[in-house]
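Spelled out from the first residue to the last, the chains are:
Number of protein chains: 2
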Amino acid sequence: MERILATYRITAPESESRARAQALAVEQSVEMPLSAITDEAVLRDVVATVESISPQAKGFDVVLGIAPSTTGREASQLMNMIFGNCSMQPEVELIDVELPDGFAKSFPGPRYGVEGIRTVTGVKGRALTCTALKPQGSPIEYLARLARTFTLAGIDVIKDDHGIANQAIHPFEQRVVAVQKAVSDANRETGGNTIYAPTFSGGGLSLREQARVANDHGVKMALVAPMLVGIPAFVELQVDLAIPVMAHPAFAGATRMAPPVVLGKLFRLFGADATIFPNYGGRFGYSRETCLEITRVAREPSHGMRPALPVPAGGMTVDRVEEMVGDYGADTMLLIGGGLLSAREKLLEKTREFVRKVSL
Amino acid sequence: MERILATYRITAPESESRARAQALAVEQSVEMPLSAITDEAVLRDVVATVESISPQAKGFDVVLGIAPSTTGREASQLMNMIFGNCSMQPEVELIDVELPDGFAKSFPGPRYGVEGIRTVTGVKGRALTCTALKPQGSPIEYLARLARTFTLAGIDVIKDDHGIANQAIHPFEQRVVAVQKAVSDANRETGGNTIYAPTFSGGGLSLREQARVANDHGVKMALVAPMLVGIPAFVELQVDLAIPVMAHPAFAGATRMAPPVVLGKLFRLFGADATIFPNYGGRFGYSRETCLEITRVAREPSHGMRPALPVPAGGMTVDRVEEMVGDYGADTMLLIGGGLLSAREKLLEKTREFVRKVSL
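Chains as they are written, first to last, in the numbering used here: chain A, 1 to 360; chain B, 1001 to 1360.
Rather than coming from a laboratory, the hints here were simulated on the basis of the structure. Among these hints, one or two may not hold up.
What the hints assert, rightly or not - Stretches of chain B that chain A covers, calculated by requiring three or more beta carbons in the stretch to come under 8 Å of a beta carbon on chain A:
no.: 1; segment: 1028–1035
no.: 2; segment: 1041–1049
no.: 3; segment: 1053–1064
no.: 4; segment: 1067–1073
We put the beta carbon where it would ideally sit given N, CA and C, even for glycine.
For reference, chain A alone in the conformation it holds in the complex (with noise of 0.2 Å):
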């Protein structure tokens, strides 16, 4: 099988391109002196090849082939083999990945994807709503009523806050039964289709459980911040859960792994079916150069996988609707949360302004 491609931006003199280059080779496949390797099939088979490497600005780029074998088809080697131990050399950073055809076929993919989403929340031909429930710490009533207030305003997807968890004050499995209800009450009353996607959190056991009461009490989507359960968890998870995964960038900035190859393309190769970016312009300093890519990686043709949902989000406004739908495109998810509950008693109409501006 072909090898995987991985694009690493050195920051280093140029003259020491090739041993850097073979240097990061060694480091992310066979990780030991090649004078010390006999066999001819680990050194033929095994050991990255360095594919390219093309002078920057500031350093240069190396592509290097990743046999798939050594990932085992599993999504935590996979993580280590493209970034594990270069992650501690700070002069590194990885910038793309390409997959051999075939190789994608070993991780779920988005299941739904855009498509999926549409089917769920009966949304056709324009860019989706999306808003949070906040602050955390409040009582379930509380968010139980904020969800109403969402829902006769025709939002198309509530999500938690991705720091509600599975604290005290809010614990998963009351807090899902109170929300969901209370959105289906509202959507019984207005005929909507307002979905709400509570947050997942913890290890392996807590996502199960996570899991069965949200298929026992009808929740339609999943709130899952990939880095912070853990990626092969974020992938386990998928067997349990039939709707469709929104993945949260909570602690995946902090790598030096470009955003786009993280929320764009490895998040929705294990699964994700809408992933949520810090949008330029608001708390975060992503540029709209890399907006663009995140959105453009997230969709486009590839392995034959869905295309997953984007969702520009991070201190959005409802004045930035028509910008965003410009610069992403029908097949995104706006999400804004504390721009509509700054809005206080206003909060019904702020949101129905919302939604109307996406519809127009």
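Got chain A sorted already, so can you dock chain B onto it with the hints?
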């Protein structure tokens, strides 16, 4: 209960320090405008507090007081609260975390620690020795033969290379059974006490199955990369595993979380009995000061937790044994992999030299 004190270094003009600190406190707790919060209890008990701001060479340090209740006393949510969203703000680095009294009890901490590893290996009063089976992709018989040689030489701990996971050529179960047998057989011949630490990888289901195999076959230590398997999975694994756990730093490096916090403090909190770190002067760029701080934090008295055994590694050689023991003292395990394997047909002699030097 008192707050969790998290210290962040922010690279920004000092004139912005007050506003930046307040924004970070909001980001890492309620993530919404405070003006939209009407619940006094949330404002008082949930919103993170700015405890101090102190100017630094390039920017300033901010200490936030994070409410323990927001973590749900669970590992993924703790990481979320201390570095979830701000991981996406490149100007913010997490440089320390102090836990309030009693908080650590929610996490395993080292269950064996330095003393437990000394008991298992029978090593008293000197540093321990460790090496690695490499390269990945080698037939199991080769790895078992290598393990036999290391055991005959009297190494204390033989770990799998962190790249050896559950791949087709050396699946976990077959490999572990063969290598453990080779080690046990050689121990019987020498009267020695060498132990084997295989790499655990994958999701919760895989980890549990691997724990079963390890328990069934008398394996006495586990090697796990918490950031690859996911921190909650790392914690959960310990329920199934009655042997010491050695943490590997793969995928944990250069995360804009200071290495002493991650590899020393947090991995210990989450249960690492031993923690591998890239020693200075090897293939990674950590300074001597950073390495000394990792070892200090791993072993210092902290919330009644057992000390964790620091394991310097990453391109070390037998020449540096004296220096490493001088730096880190006897409660240390020296890990030399490639530096031994480079001896090729003189592997037994070279390994004996390593063992002898540490025993002096």
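* Hint by hint, work out which the structure violates, then give me just those numbers in ascending order. => Number 3 only.
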